Amino acid sequence: MAIIGNPKYEERINDHIAKYETKRSAVMPLLYIAQEEYGWVNQDGINEVAQILNLDPTQVKSIAGFYTMYSEKPKGKYWLQVCTDLPCALQGADDFHSWLKEELGVEEGGVSADGMFTVEHVMCLAACDKAPMLQCNFRYVENLDQDKMRELLAKWRAEAVAEMNGRGQG
Amino acid sequence: MHILLRGRDIDNIKALAVYEEHDGFAGMKKALAMKPAEVIDVVKASGLRGRGGAGFPTGVKWSFIPQHEPVKFVTVNADESETGTFKDREIMEENPYQLIEGSLICAYAIQAKAVYIYLRGEFWDIGDQLDECIEALREKGYVGKNIMGSGYDCEVYTHLGAGAYICGEESALLNSLEGYLGQPRVRPPFPAQKGGGLYKEATVVNNVETLANVPFILNEGADAFKAIGTEQSAGNKVYCVSGHVKRPGNYELPMGTTFRELLYEHAGGPLHEDRPFKAMLPSGGSGPIVPLTDEVLDTPMSYEDCANIGTIIGSASIIVMDETVDMTWVASKVTKFFKHESCGKCTPCREGTYWLDKVIDRILDGRGSPDDVKRIADVAENMAGTTLCALGDFAANPIIHTIRHFPDDFAQHVQS
Numbered sequence: 001m002a003i004i005g006n007p008k009y010e011e012r013i014n015d016h017i018a019k020y021e022t023k024r025s026a027v028m029p030l031l032y033i034a035q036e037e038y039g040w041v042n043q044d045g046i047n048e049v050a051q052i053l054n055l056d057p058t059q060v061k062s063i064a065g066f067y068t069m070y071s072e073k074p075k076g077k078y079w080l081q082v083c084t085d086l087p088c089a090l091q092g093a094d095d096f097h098s099w100l101k102e103e104l105g106v107e108e109g110g111v112s113a114d115g116m117f118t119v120e121h122v123m124c125l126a127a128c129d130k131a132p133m134l135q136c137n138f139r140y141v142e143n144l145d146q147d148k149m150r151e152l153l154a155k156w157r158a159e160a161v162a163e164m165n166g167r168g169q170g
Numbered sequence: 001m002h003i004l005l006r007g008r009d010i011d012n013i014k015a016l017a018v019y020e021e022h023d024g025f026a027g028m029k030k031a032l033a034m035k036p037a038e039v040i041d042v043v044k045a046s047g048l049r050g051r052g053g054a055g056f057p058t059g060v061k062w063s064f065i066p067q068h069e070p071v072k073f074v075t076v077n078a079d080e081s082e083t084g085t086f087k088d089r090e091i092m093e094e095n096p097y098q099l100i101e102g103s104l105i106c107a108y109a110i111q112a113k114a115v116y117i118y119l120r121g122e123f124w125d126i127g128d129q130l131d132e133c134i135e136a137l138r139e140k141g142y143v144g145k146n147i148m149g150s151g152y153d154c155e156v157y158t159h160l161g162a163g164a165y166i167c168g169e170e171s172a173l174l175n176s177l178e179g180y181l182g183q184p185r186v187r188p189p190f191p192a193q194k195g196g197g198l199y200k201e202a203t204v205v206n207n208v209e210t211l212a213n214v215p216f217i218l219n220e221g222a223d224a225f226k227a228i229g230t231e232q233s234a235g236n237k238v239y240c241v242s243g244h245v246k247r248p249g250n251y252e253l254p255m256g257t258t259f260r261e262l263l264y265e266h267a268g269g270p271l272h273e274d275r276p277f278k279a280m281l282p283s284g285g286s287g288p289i290v291p292l293t294d295e296v297l298d299t300p301m302s303y304e305d306c307a308n309i310g311t312i313i314g315s316a317s318i319i320v321m322d323e324t325v326d327m328t329w330v331a332s333k334v335t336k337f338f339k340h341e342s343c344g345k346c347t348p349c350r351e352g353t354y355w356l357d358k359v360i361d362r363i364l365d366g367r368g369s370p371d372d373v374k375r376i377a378d379v380a381e382n383m384a385g386t387t388l389c390a391l392g393d394f395a396a397n398p399i400i401h402t403i404r405h406f407p408d409d410f411a412q413h414v415q416s
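Chains as they are written, first to last, in this note's numbering: chain A, 1 to 170; chain B, 1 to 416.
Hints are supplied without guarantee of correctness; some may be wrong.
As the list claims (entries may be wrong) - From the structure, some residues in chain A lie toward chain B, with a derived Cβ separation under 7 Å:
| id | residue |
| --- | --- |
| 1 | Lys19 |
| 2 | Arg24 |
| 3 | Ser25 |
| 4 | Met28 |
| 5 | Phe66 |
| 6 | Tyr70 |
| 7 | Asp85 |
| 8 | Leu86 |
| 9 | Trp99 |
| 10 | Met116 |
| 11 | Glu120 |
| 12 | Met123 |
| 13 | Cys124 |
| 14 | Cys128 |
| 15 | Asp129 |
No wet-lab data here; the hints were simulated from the structure. In this text, all values refer to a predicted model and were calculated from it rather than measured experimentally. Note that CB positions come from ideal geometry on N, CA and C, so glycine has one too.
For reference, chain B alone in the conformation it holds in the complex:
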């Protein structure tokens, strides 16, 4: 059953009348009949965790907002830019009202003045569609003054980025929305605190997929959501599968489904029958790579189980590579991504990605030495944990973990 990709089950759910016929705004109605703090309790009890990558408990995040502050905001992270991620795009294209409803429930729960949906600039047509949705909602009293007769007022706006991966990092996103360079902020104060959020006001920043789960939770109840998935990873997840599989695409399945079921039953197995799977990046470019062994294939896709195999489920952007792929080339590709996307603020990330790229190019050209492989591992280890945001760690991962799991792929380039 789809909770998120309902556009696949219900014809034209992106029309407001159709959305309303299929429980649209039923969750919002229930939320408005509750006290804001009770809404937060329901989301806490559901076990929903952030779907942008970090997996932080959503209700707990909302509860950090100081209720006494007069001005608060909700910011929706729709900057979907992680390599291999294309789930929020489908949710917003095919089921846009559910995202807006989820955002409004969050806004009511923290008593926010407004919601800003920050879309990556390339999603301008999705932004246009969301603007039309917002206007349709305003006409029917779901957005603006006195929402559904509750006395609660809230505006919803869209904002387009302009091509910068770093703006998916929450504090960089807030800077970008304020018209500054999209660079991360020093924390504390955190976005949920006065002084740390949008326009220095307490702010919840949540991913699209996270918020799109919220109407179901309010309408069906926390227990119905918690019944799906595993003990520590409740609900469904949209897994984005790309690379060497027969049927790349989005698959919405319960958390805790195994990698094997996803990659073989749903994505159709290896693209070429005679080329078995070699490796997988389960969370786009930023998470640790793992060899696709039987042990890994039989691992349930949950926050807790992925930690046991030395990686993360993150945003579940699963990039699959078959035996023909050289992992040194993969390390180079991912490093070039982070070199381009480093915002330049912190020295270890700005300089580290630059030097990593130069040395890997040398190794790939056949001009490298075994010492160069040690050198890039050393540089990467010195970057990890030394930057204001996680991009520095993400950029270190492709080096550290490709060398750890596939040393022969590097050795072949540096031995004469």
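Pulled out of the complex, with its shape left as it was, chain A reads as follows:
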């Protein structure tokens, strides 16, 4: 699909454009929509956002590259961003982050062989009293330890399998 002409996004795109004084201001919310549609910010998404806002694709691409929440390459189904900033690190976040990569067999920022997981470290997520913590597809998961994390990984894997089976039947 695309975002232009897609009824799923039409109202949201118009609402975003309407709330600002200039069309250009809507570039960030529209990049989120492109990421939602394609799973990452690919060239098609950039071209469409540029077309909607009368911008040059290069201008849109520079915005996408500046901010860490726009992914410029495909990620695993579960994109895990572990905070390893100072307050979390004082509670063992560096060790937790290394352990998680080893547990999943992934390099920093890479995708696991089954396409399920990407692990990377990020800067402070404003959850310093609940360390170690991470965000999974931008949802906060706090007060973690290895046992709790193993349970979560099993749950996410089961969810993905259920989703695949559901698709097969549908």
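Chain A is already provided as a structure; the job is to place chain B on it using the hints.
Just chain B now, kept in the frame of chain A:
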């Protein structure tokens, strides 16, 4: 008594009906009965200072807005990204209407056309909640045309960032909101001036916690607010405590409370009884580190008293470290943060953070020399004061002050 974290005292204050039952929009009602300039005078008289870190007097900031300009804006800085800071999150999650009411009072005081709440992208669920609040307020006539029958019109919008610490810097925030790279602007013109604010219009940029204080000030009066805290630091402050304490979390206490009371009585003292406190970053990664001596512990947490011990209270993101922590590692951690978050616009910050990180890595690896320690201090001193925004100074602080207070922590890595 909580003025800000009222979600802890009042069940479900995030529901509009409950908020209204507990003085919700009483401050706004009083503001609307006054002339805009009188509202600014009340906030000035309260002594409220900016809670984002700089501590600038809020009413004075509002008074810089030229009244004759036809279009003005309020921008709420909800980009909460300073290492160790998690106070605005709790205010917005648990007491969202109070932030919106405070923003609307500010908007009325400067006669703004609209309020934009700039949230860090990770707070998208808080953004969704605020959008619902705004719609509920619109239905009841608190937002939109003819607010509470006053004839004053104002819109409120949310905007999500996408992961960039620099957007907490006010001019970078405005660029980001306009759809440009989040990089600081050359000033003057300042945001409060025509040409310097949002869409080149005069704009007030205030932190979440700052604005959340405003309904209380209007409803209870400037004197009631000024009665809390110290002479130069009025009101309560939300202190975010993290690191090696038993009970990390947010604590709302009067300004001027001592570090000792916060860290021992409220946060429970050292995490491990046999490991005493060594040091503290009182304002996240950006403020000067201080050793946790008795003198420091007995210092009142106010703008003026923290200056006396060579640091700042800033956003009050207090990161506590016990005696097991190597300050060279702390300098490295904080430097990596600023290296990642430098926007790349000014050469001293972009290149300085890169080289600092490289040399500290070398020192931590045991490949450094005593000259390397002098070198990073020298690089940091050359960065300070040479950049368009304060990030360059912030990035210099962790080096300069860790070396000053903890020279042995560095020496142990560079002596064979």
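- Hints breached by this structure: Failing hints, ascending: 9, 10 and 11.
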